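Below, each chain spelled out in residue letters.
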Amino acid sequence: MSNVLIVDDSSTMRKIITRSLRQAGLSVDTILEAADGIEGLNALGSNTVDLVLSDINMPNMDGLEFVKQARAQGCKAPIVMITTEGGEDIIAEAMNSGANGSIRKPFTPDQLQEKLGGLL
Amino acid sequence: MSLNLNVAEWAHVQEVDMARHIIDATREVFSTMMVMEVEDCYPLIEPVTEFHCSITGMVGLAGSYTGILSIHCPAHLAMKMTSNMLGMEVEEVGEDVNDALGEIANMLGGHVKQVLSKGGLDLNLSIPTVISGETYTIRSTNNQDCVVIPFRCDGERFLVGLTIRKEC
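For the record, the sequence lines run as chains A and B.
Per our numbering, residue 98 is the first one in the first sequence, and the count goes up by one each step.
Per our numbering, residue 2 is the first one in the second sequence, and the count goes up by one each step.
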């Protein structure tokens with residue numbers, strides 16, 4: 098079983114991702130939530146996390162900066178961006194910053210299973 | 002109301018094409034995130050600026066283009082949409098409904114951004130803003146450069162609008 102950190106400023110989206118992870122039958126134990134990159138870094142600093150799912154467009158600290166800082170502080174867990182941002186350059190920037198993949202919103206539980214199944 | 006000519010020229014997209022993109026995105030968001038079917042009633046016959054017992058979710062676009070993507074829903078429909086998104090009954094307009102409408106606007110804005118900017122780095126999406134109330138009026142200083150699409154869902158009408166212009 099795995100611990101997953103969801104970083105998204107929308108509480109609705111955090112709930113949808115949580116429900117979709119369960120519906121997809123993925124091996125998830127504890128789900129941690131953060132509303133922006135700063136909260137996400139704090140959660141990484143005080144918990145063992147096996148997978149991070151992060152939005153890009155967030156207040157205070159966006160997902161691109163979060164990925165950079167998470168890697169800089171030693172986070173080894175896979176980070177997958179779940180975002181409305183589908184542009185090639187912005188996804189490439191996320192990958193160059195240390196992200197391991199991306200999922201475009203809106204998504205289905207099957208799409209989460211397909212993208213995340215190998216990471217959990 | 003029509004799509005700004007500079008936008009059409011730079012993005013190689015005519016008004017009817019942009020309307021089709023917004024209709025497809027709206028259908029996808031509703032069917033995937035809410036398990037709800039929507040029917041478009043494009044074009045809008047009469048402009049709408051005044052809303053009653055409604056909620057408006059908006060997201061701004063800034064960069065190579067500037068504009069606003071907005072979704073305007075009757076409160077009852079917004080509660081139904083939020084209930085379906087969360088998988089629980091929502092019976093009042095509060096934090097959950099506001100957050101849900103903002104996120105829907107965000108997803109629709111992301112789709113429009115991808116139409117206008119394939120790379121994504123030249124155009125930024127704002128954090129969503131949500132307005133609700135018994136009666137409110139929304140006016141833009143530039144009512145010409147917009148595409149508004151009426152939809153029907155669950156027996157109620159809602160609108161998705163895009164006001165956009167090309168920056169030099």
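Please keep in mind that the hints were generated in silico from the structure rather than gathered at the bench.
Predicted model, so just to flag it, every value in this text is computed and none were measured.
Idealized CB from N, CA, C, for every residue including glycine.
Careful, some of the hints might be misleading.
Said to hold, decoys possible - Calculated cross-link-like contacts (lysine-lysine; reagent style DSS-like; alpha-carbon spacing at most 30 Å):
#1 A:K112 - A:K173
#2 A:K165 - A:K212
#3 A:K173 - A:K212
#4 B:K119 - A:K212
#5 B:K119 - A:K165
#6 A:K165 - A:K112
Claimed, not checked - To list a few chain B residues with every Cβ distance to chain A over 10 Å, as calculated:
#7 V30
#8 E40
#9 P151
Claimed, not checked - Pair by pair, the computed Cβ-Cβ distance ranges are:
#10 A:A169 - B:E96: 45 to 53 Å
#11 A:E185 - B:E92: 38 to 46 Å
#12 B:A63 - A:D207: 31 to 39 Å
#13 B:E29 - A:I128: 38 to 46 Å
Each hint, compared with the structure:
1. A:K112 - A:K173: holds, 25 Å
2. A:K165 - A:K212: Between A:K165 and A:K212 the Cα gap is close to 21 Å, so the pair holds against 30 Å.
3. A:K173 - A:K212: holds, 18 Å
4. B:K119 - A:K212: Cα-Cα ~22 Å, so holds.
5. B:K119 - A:K165: holds, 23 Å
6. A:K165 - A:K112: Holds: A:K165 and A:K112 sit about 25 Å apart, inside 30 Å.
7. V30: violated, 5 Å
8. E40: holds, 19 Å
9. P151: holds, 21 Å
10. A:A169 - B:E96: 45 to 53 Å: The hinted range 45 to 53 Å is violated for A:A169 and B:E96, with Cβ atoms some 34 Å apart.
11. A:E185 - B:E92: 38 to 46 Å: holds, 42 Å
12. B:A63 - A:D207: 31 to 39 Å: holds, 34 Å
13. B:E29 - A:I128: 38 to 46 Å: Given about 26 Å between the Cβ atoms, the range is violated.
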